[in-house]
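A.B. asks: Starting from the known structure of chain A, fit chain B onto it as the hints suggest.
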Amino acid sequence: MNAPADSQLAVSRQGHYAGPVTRLVAYALDQGIVTGIFTLSLALLGFAVDLVTGGEVSLSLPAAVLTVAYALWWLAYYAYPWAVSGKTLGMAIVGIRVVSEDGDDLGPKAAILRAITLPLGFLTLGLGFLWALVDVRRRALHDRLAHSAVVYDWDARAARLRFLARRTAERSGPADHAA
Amino acid sequence: MANETGSGGGLLGRVTSRVTGVIDLNEILAGIDINELLARIDLSALIERLDVNSVMEKVDVDALIRRVDVDDIVARVDVDAVVARVDVDAVVARVDIDALMGRVDIDAVMERVDIDALMGRVDINGIVERVDVDSLVQNTELGGIIAKSTSGVASEALDAGRAQGVGLDGFVERWVNRFLRRDPAGLPVGPPLLAPTDPVTEQATAP
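So the sequence lines, in the order shown, correspond to chains A and B.
At position 78 of the first sequence (counting the first as 1) the number is 78 in my numbering, and the numbers step up by one without a gap.
At position 76 of the second sequence (counting the first as 1) the number is 255 in my numbering, and the numbers step up by one without a gap.
These are calculated hints, taken from the structure and not from any lab test.
Now the stretches of chain A that chain B is said to cover, found in silico as 3 or more residues with beta-carbon under 8 Å:
1) 19 to 33
2) 93 to 99
3) 124 to 137
Which residues of chain B face chain A? A partial, calculated answer using Cβ under 10 Å:
4) V312
5) Q317
6) S334
7) D338
8) G340
9) R341
10) G346
11) L347
12) E352
13) L366
14) P367
Yeah, the Cβ is synthetic: ideal placement off N, Cα and C, and Gly gets one too.
Only chain A is shown next, with the shape it has when bound in the complex:
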């Protein structure tokens, strides 16, 4: 690990407003996961139908049905984890969490509202997302509508201790082998 990473590990940002890069990476991961799982599910469903019918019937759903199914799956993928734990899988990987404006848990209603209003960021040509850059509390458009905020959730202090422990183990490792 290089020096900049080391110095960053020393700063505990747990509970601080998350920055744009981390949030963008989390969103990209989540989009990959939500779309990947949907595509994989459709492929498995088509394979199952093909297997059951012996290839006589092929699964071809109308675009409208696929769109509605994807939208519902998308909504569930985001809203449910936000309501339960405040973080999707992508957010958990990068170490951020959604909370209410005052820092409390988000709650089901706000989680659903946030998931519904998230696409507004695209409908406003990205301005809804860019709002997070200029807002003093780093809130995007859907955050303001759902009265939510995104904060760092990973324990940087513990990460630093893990880093120091690994470095110590690496240094003592060769000596142990030599002994």
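C.D. replies: Just chain B now, kept in the frame of chain A:
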């Protein structure tokens, strides 16, 4: 013999009574220089002839002590002056601590200690804050234990990736603040329940 003694005693008594009636003993005693008299007495020889143990056996020490007002005596003692004359270091040097501790029943003492009350008076957070955890991890077996329990490549990559993300977040925010001419110190760092009200940025403690 008894009559002689009785008649002799009676005569002596009458003579003595007659003499004391004539002589004024107070006047004689007033003429005696008591100090001169005492100076001529060898008190040491007198005391040597005295059977002190026999005298002490006849003394009711308990009754004597009961008549002593100890509080009054203690009140008249200048304790500070007494203590000032005591060489405490010399006294302590003569104490055999090991022997002393050997006579102490630690278990009995501990049973009488109210641990909850004691711990209630201890500022645990203050003690923990004084511990240099970084040094502890680097210089003790604790580091090895942590390393073994978290030695996964995924864990290491996750820590590094997150740290890089935080670094890039800070880079972007610095430029945005510069563009908007905002003072970063005046911005809230987090929601009220999760971050301090004062926008104080934590300082890096990297070595």
